[in-house]
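Participant: Residue numbers (numbering that gives the first Met the number 0), protein chains in the order written: chain U, 0 to 327; chain B, 0 to 325.
Any given hint could turn out to be false.
Which residues of chain U face chain B? A few of them, derived with a C-beta cut under 8 Å, are [unchecked claim]:
1) Thr63
2) Arg86
3) Lys89
Here are the computed lysine-lysine pairs in the DSS-like style, where the Cα-Cα straight-line distance is at most 27 Å [as the list claims (entries may be wrong)]:
4) U:Lys124 with U:Lys89
5) U:Lys89 with B:Lys200
6) U:Lys67 with U:Lys17
7) U:Lys67 with U:Lys89
8) U:Lys67 with U:Lys124
9) U:Lys253 with U:Lys312
10) B:Lys33 with U:Lys67
11) U:Lys298 with U:Lys253
12) U:Lys124 with B:Lys200
Keep in mind the hints are simulated off the structure, nothing from the lab. We treat Cβ as the ideally placed atom computed from N, Cα and C, and that holds for glycine.
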Amino acid sequence: MAAPLLEVRDLVMHFPVKSRGVIARTVGHVKAVDGVSFTVEAGQSLGLVGESGCGKTTTGRLITRLQKPTSGQILFEGQDIAQAGPRVLKPLRREIQMIFQDPYTSLNPRQTVGEIVGAPLVIHKLVPASQRLARVQELLEVVGLNPEHYNRYPHEFSGGQRQRIGIARALTLQPKLLVADEPVSALDVSIQAQVINLMQDLQREFNIAFLFIAHDLSIVRHFCPEVAVMYLGKIVEKAPRDELYEHPKHPYTKALLSAVPNIEQAVLGGRRERIRLQGDVPSPINPPSGCRFRTRCWKAQDICATTEPPLQKVGAGADVAACHFPEQ
Amino acid sequence: MTSAISLDEQAVMPTAPRPARRSIAQLLPSRSPKLVVGLSIAGVIILWAIIGPLIVGNPNAISTSMFQTPGTAGHLLGTTQTGQDVWSQIAYGTRGSLIIGFSVGIISTVLSAIFGILGAYIGGALDETFALFTNIVLVIPGLPLVIVIGNYIPVNQRGLFLIAIVLALTGWAGSARVLRAVTLSVRNRDYVAASRVSGEKTWRILVVEILPNLIPVMASQFVFAMIFAILGEAGLSFLGLGASNSFTLGTILFQAYNDLALTQGAWWWFVPPGLVIALFGCALSLINFSIDEIINPKLRNSTRAVRKKWGLSPAQIRQLDEEQIK
């Protein structure tokens, strides 16, 4: 079997915490991402969910190499790019692109849409200057914008339209992998659906693999056949979509899913069982020993404090979870 | 493909063709009276500094018959104690002061850009070093240092450009700090990340993505540096530490003071250079205020003009004004 499009092995990102004072010493590390492994196959999409601060955005920024990981491997088509320098990265930039969360800060207010969408063509010298405009207009049409609007400025567009511009920019280089960092969470619900459907169409048409980072569980379910759940810098469960949503194995996943409102149950009048987690997420500077979720887990026992559960196969399906006492 | 696209989203915007480039027009506010007044005064003075010296006679020429007399037909603004024409001196002096003003503006803007923008974008040890250096320069008291440097250089070598360099070296640090702060905010915006993901080179990110967002701030700082330089030069010259081998408005004032023009009531000698300094400083400040309004929409006083453009009645405008005050 050929190497997967993207394979991440034991990815670690520790941000140093400096002491205050004239001479700053490193007094600790924020363990934002602490040993994350997953694969994304060509044309497939993997959803990465978790609450704020669990390291999912950092993971995305590491894969696009906006940041250099502390350790671990990022294998793109078999080539490790985790510590690669700019010269090695430049050709790979064509293959890995990113869609940003906030369409209001992801477009330079002083550039026209044509300049924004066409910039990657200039950087990689892909298209001669004479054909650049035609290519930009083609891209605008692909994402459902009026191609005549290439000389407008971002502030003349609505949030949904701006996100389409951001998608057009990401498509300019015809990437094989798109890292979508909460691509719709800044948009209102009616526009969310449009943008999600647009991305799905584009995925089908251009065979793009997605790493879809989100905190909205229902959108991830709609978009991704496979979902990974992160908690405090680690993946706690990874499973095919239906398996994960119907039969969560990890207690954290179960708690997350129980927080999603369920219309069917509400209509039937049944009280849904909601798991309320006690306390706050522990500090990623000093995560709990053993299982990181044990401080808030209702199943925690002594072994959870001493031994860290590995990510292992649970049940009959392809579900993997990191728990000593997985749900059956 | 098109199934996902809502057409009503596009229908909102008319498809009338637009000029491809409007960024410069966008930078200018809609005919703010401050800007108009500031630009006209500054324009007249700059024009005078350029063509004045070509028209008037030699400022050093001594009239043998008229010493310290008020304006007459031959000498529009009268003469100095040694019989030199004040009008010609003002022409040359304005040119000298403006050369210093523009040079300081350019040099200190470049310095503040290097220390502020570059350090903040690259970060790490370079940023620490640049920020520390900026802070050191910032706390060094400016005028005493300028006096010391001015004093150190022999009188016959103190030309316009030397004074300009001295003033620029002491005046860039405040702007650098502001630019550093703005750059730190701009560099973390997603569009900078997007262009890094696209493989943009560092210098191109700085020039294409970051710099255009700093231009209003830098323009304001340039104008401020000019005011600082012209006033600073006048102060230095008045103390006898200025460009002693050329004419500036400050050296004219210094001469007038030295030759007792004030005590003898020779107002035509010292009022005009003072007035030119005051007017030019005022004009530049007005320009700066309008730049401020462009940078900070909350300060925008041009709402009135804009509302008039919308075709609102005076009563409606008054009502909106009152609402804003509340």
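Participant: Give a verdict on every hint.
Facilitator: Status of the hints after comparison with the structure:
A cut of 8 Å between beta carbons decides the hint on U:Thr63: the least distance to chain B is about 5 Å, and the hint holds. The restraint placing U:Arg86 at the interface with chain B is violated, with a minimum CB-CB distance near 10 Å, outside the 8 Å limit. Interface restraint check for U:Lys89: the shortest CB-CB distance to chain B comes to about 5 Å, inside 8 Å, so the restraint holds. Our distance criterion of 27 Å between C-alpha atoms is met by U:Lys124 and U:Lys89, whose separation comes to about 12 Å.
Between U:Lys89 and B:Lys200 the alpha-carbon distance is near 10 Å, which keeps this suggested pair within the 27 Å criterion. Annotation: proposed proximity of U:Lys67 to U:Lys17 holds, straight-line Cα distance about 18 Å (limit 27 Å). For the hint pairing U:Lys67 with U:Lys89, the CA-to-CA distance comes to about 15 Å; that is within 27 Å, so the pair holds. Restraint check for U:Lys67 and U:Lys124: the C-alpha separation of about 26 Å stays at or below 27 Å, so the hint holds.
For the given pair, U:Lys253 sits about 17 Å from U:Lys312 by alpha-carbon distance, which is consistent with the 27 Å threshold. A hinted pair counts as satisfied when its Cα atoms are at most 27 Å apart, and B:Lys33 with U:Lys67 does not qualify at roughly 50 Å. Simply put, U:Lys298 and U:Lys253 have alpha-carbon atoms about 12 Å apart, close enough for the 27 Å limit, and the pair holds. Restraint check: the Cα-Cα separation between U:Lys124 and B:Lys200 comes to about 13 Å, which is no more than 27 Å; the hinted pair holds.
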